[in-house]
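Work the whole structure out from these sequences, hints included.
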Amino acid sequence: MPSSFFDVVAAEFYAYTRFYKNNRAMMIAAFIWPYLMVLILLGLGYLFGSLSQYAVRMGVRNPVFFIVSASTVAMSSTFIVDEVANYTLYNRWNGTLSYILLTPMRLPKQLLAASIPSTLISPAISVTSALPVALYFEGLRGAAIIAALYAVIVLGMIPLAGLSVLIAGLVLTVREETNIANSITPFLLLVSGVFYPVAILPKALQLIAIAVPVKYVVDIARAIASTGTFSHEVFLAIYALTFMAFTYNALVAPLLGAIEEKVKRYAPF
Amino acid sequence: MHRSSKSLARLTAVIYLHSVRTWRYKYSFINSSINTMLWITIFLLGVIMFVPSRELPVVAPQVFWGITVWNIITYTVVYISGWTTWFLVSMGLVEEHILHGLDLPALLAGRLVTVLAESAIAVPLVYFVLRGVAGPMKLVDSVGLLFYGLATAEAMALGYALILATLALRLSIPGPMLDITNFILFVIGGIAAPVARLPAPLRVVAILTPYSHAAEIVRYAATRTMPYLGLLAEVLISGALAIAMPAAAYIFYRFVEKHYLRRYGVRGVGRM
Amino acid sequence: MPGAIEAYGLVKRYVTWKRKGLLRRRKRSVEALRGVSFSTQWGEVFGLLGPNGAGKTTTVKILSTLLLPDEGSARVAGYDVVDEAVLVRDSIGVVLSVERGFFWKLTGRENLRYFGMLRGLRGKELEERVSRVLRLVGLEELGAADKLYEEYSLGMKARLALARALLHDPRVLILDEPTLGLDPVSARRIRELVVRLAHEEKRAVLITTHNMFEAEMICDRVAIIDEGVIKAIGSPRELKAKIAHSVPIIIRFRGDKSPEIAEKALRAGLEVLGLSVKPIEEGYVARILVRSGEDEEALSRAIEILARLGFSIRSVEVSRPSLEDVFVALTSRKSEA
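Chains as they are written, first to last, in my numbering: chain A, 2 to 270; chain B, 25 to 296; chain C, 57 to 393.
Keep in mind that the hints were calculated from the coordinates and are not lab data.
Just so you know, these numbers come straight off a predicted model, no measurement behind them.
Glycine included, each C-beta is placed from N, C-alpha and C at the ideal position.
Each hint can be trusted.
Here are the simulated DSSO-like pairs of lysine-lysine, each with C-alpha atoms no more than 27 Å apart in a straight line: (1) K320/C / K334/C; (2) K313/C / K334/C; (3) K30/B / K161/C; (4) K50/B / K263/A; (5) K180/C / K30/B; (6) K298/C / K287/C; (7) K203/C / K161/C; (8) K50/B / K203/C; (9) K22/A / K83/C; (10) K110/A / K263/A; (11) K263/A / K203/C; (12) K162/B / K204/A; (13) K180/C / K203/C; (14) K282/B / K30/B; (15) K83/C / K282/B; (16) K180/C / K161/C; (17) K263/A / K161/C; (18) K161/C / K50/B.
Facing chain B, from chain A, some residues (calculated, C-beta under 7 Å): (19) L40; (20) I41; (21) L42; (22) G44; (23) L48; (24) N183; (25) L191.
Derived DEER-like restraints, expressed as beta-carbon distance ranges: (26) S114/B / S53/A: 46 to 52 Å; (27) L236/C / G168/B: 55 to 61 Å; (28) E127/C / S43/B: 44 to 50 Å; (29) V71/C / I33/A: 31 to 37 Å.
Rendered as structure tokens:
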């Protein structure tokens with residue numbers, strides 16, 4: 002019986018949840034990570050300067066809640082880019098990639114379907130870890146902000162889907178032990194100004210930032226974490242992300258066939 | 025064959041191996057350097073948002089060297105203890121090295137070739153980014169002391185990494201996952217910031233953190249920031265720890281080899 | 057000269073933990089070896105045969121100093137595996153696995169150069185030895201010596217593992233399933249090399265294998281191990297004789313005389329455990345049951361008797377047991393193997 006896109010998503014969902022069920026230490030680590038980021042930034046900020054200075058420069062009223070939210074965004078907003086490549090690498094190490102690719106589905110579709118569960122679950126774990134802080138500072142409104150943050154993070158990953166598959170293909174054709182393109186994700190975060198205003202970056206990086214979806218996720222996160230409301234700018238950013246989701250994936254689509262052919266010709270399994 | 029001649033051949037072998045591997049994994053290696061630089065830059069720019077503009081020329085070199093020391097320590101731990109569990113054990117190479125008479129710590133110490141090469145690329149890149157944001161700054165005042173501080177930090181990190189790698193062989197948990205104190209000690213353990221800047225209770229934590237002594241020397245060598253315990257005391261303490269930690273790690277490994285590896289075997293190899 | 061490998065009463069226990077609920081664990085001791093003793097000679101290929109989990113790899117690891125025995129002792133090349141581990145390691149070449157144990161991003165030659173240096177080899181001597189073993193195992197002629205290890209086929213990996221074991225010219229070779237999963241050409245090359253190293257160069261070879269055909273072909277003596285106990289030891293011929301008390305000989309023949317004359321003559325001329333001669337479509341068939349070990353002599357005698365009586369022989373069958381029959385008869389967990 003031919004497998005559908007949803008069969009693959011369901012199978013991968015099962016495998017991913019089993020993984021966390023059987024590796025509770027990983028689950029705990031996923032909860033703790035955003036706080037380690039917060040610890041570094043707040044700790045260094047406190048030692049070398051002041052929180053009030055940060056609040057003024059960033060234009061936020063609650064810098065601690067903002068940094069927690071920003072850390073969640075930093076952890077999750079580019080997750081899909083690394084996840085598709087890492088999924089591919091992980092299965093190659095395990096020797097399971099050939100079996101996964103035996104399903105009749107096209108390679109790009111297969112890789113995307115396989116990465117959907119982790120792309121949805123992992124940011125969910127990250128935002129859930131921010132929930133106690135949100136509840137503490139903002140009460141129930143904080144919980145709503147966290148839910149909105151999650152939706153925006155997921156929306157922000159859609160324009161990156163095609164790019165993710167391209168990178169996974171690249172990783173497969175270069176036989177190295179790690180994801181050789183994983184510096185792309187911190188670059189996307191760097192130009193998006195996750196902990197600082199984009200204005201402090203050099204002009205060239207600011208121009209690049211306009212075309213990076215993560216920047217709009219950061220803008221929305223900053224706006225809703227700061228005011229707790231959906232302003233006019235938030236809606237503009239959502240429109241921009243929707244536009245990018247269609248445009249970027251349409252632009253990348255013709256390349257996916259070529260990368261699939263290259264991967265199969267190279268047979269790096 | 026004469027013992028010293030054999031040791032020299034082994035030392036050559038270890039350096040040869042790690043140099044060739046670093047070259048062959050060049051894309052991963054360069055990517056990793058850039059990755060490190062980008063993450064450090066993201067945090068650095070975040071931290072600068074807390075600092076009043078007039079204090080930047082003083083604070084920036086301190087932050088830079090704090091991050092440099094941390095980078096060397098972290099990558100030593102990840103590259104050594106992670107490589108042990110994710111590569112050496114799963115590839116059956118632990119047993120092959122025991123058979124060939126090379127102690128695992130000697131093989132792992134060779135990973136410093138990769139660590140130092142990566143830091144040599146990442147750290148200057150971070151400097152250029154920092155200079156772009158905070159303006160030109162003087163980074164070194166005493167080259168000798170700077171080298172001493174960095175070398176002792178590296179030796180301590182090597183000892184710590186070897187202990188984690190050995191523990192990982194025993195506990196079946198990857199070495200880097202055992203390094204739970206990394207981020208916490210960076211902030212409160214006197215690595216990121218001068219010990220004197222820390223609140224009083226945290227100074228005790230910092231003094232008890234081995235790396236802080238090396239970091240204090242590095243900061244003095246860079247910006248003349250006087251160490252909390254005084255320069256001479258820090259030089260002596262750092263030197264002693266730089267010898268004691270790798271030595272303790274080696275003794276620990278020999279103990280685990282005798283009482284665990286040779287008693288129960290290395291995990292993941294053969295069917296016993 | 058001391059024996060090549062001498063093992064006396066080796067016992068090895070592993071402790072395993074069985075999880076009971078979330079936090080509780082129960083300790084369990086598993087005896088992998090329960091008093092294993094054997095010895096091998098110089099110039100001999102000695103096979104250690106057994107099903108999975110029988111204790112073969114544990115024995116190999118103890119003999120190559122990687123594991124300490126809980127009881128018993130062993131000497132390899134005259135050195136004690138516990139107290140003189142360094143001297144043992146200098147005397148042995150070991151293949152633990154044919155598909156692991158090398159660096160993927162180094163070529164075959166670079167891997168050997170590295171492991172040679174660890175043995176203290178340097179300069180010209182190192183290069184000469186590396187080239188020699190690469191030629192010996194056939195990697196030079198395959199053009200694979202300077203390929204990255206990650207590009208090797210399983211056969212090439214096995215050859216490289218054997219090359220490394222020979223690099224420092226050891227007197228004892230310990231090979232744990234060196235032909236596992238190999239194609240017939242690669243497996244044959246390794247078998248020929250192993251026999252040559254033992255018979256011509258007088259090295260001692262201990263080999264573990266599941267392949268009974270291989271063991272029968274190359275091993276001078278074998279030990280069958282199961283559940284940590286040596287069940288039988290001897291040459292393949294001796295072991296086969298041990299399980300087969302009687303050997304059936306079947307001779308088809310024809311002639312003008314009656315079958316009763318043939319039966320009477322065979323009974324008179326042979327020492328048989330059982331005998332019957334019956335007519336078939338074209339002539340007669342004689343089924344003769346003789347004692348194991350006497351089958352060859354009985355066969356030639358029977359042919360001689362029938363020929364003297366004027367019968368012409370059409371075909372002969374001797375159903376001797378194989379080493380596989382011995383293995384199956386002696387090991388308890390056949391299905392798992």
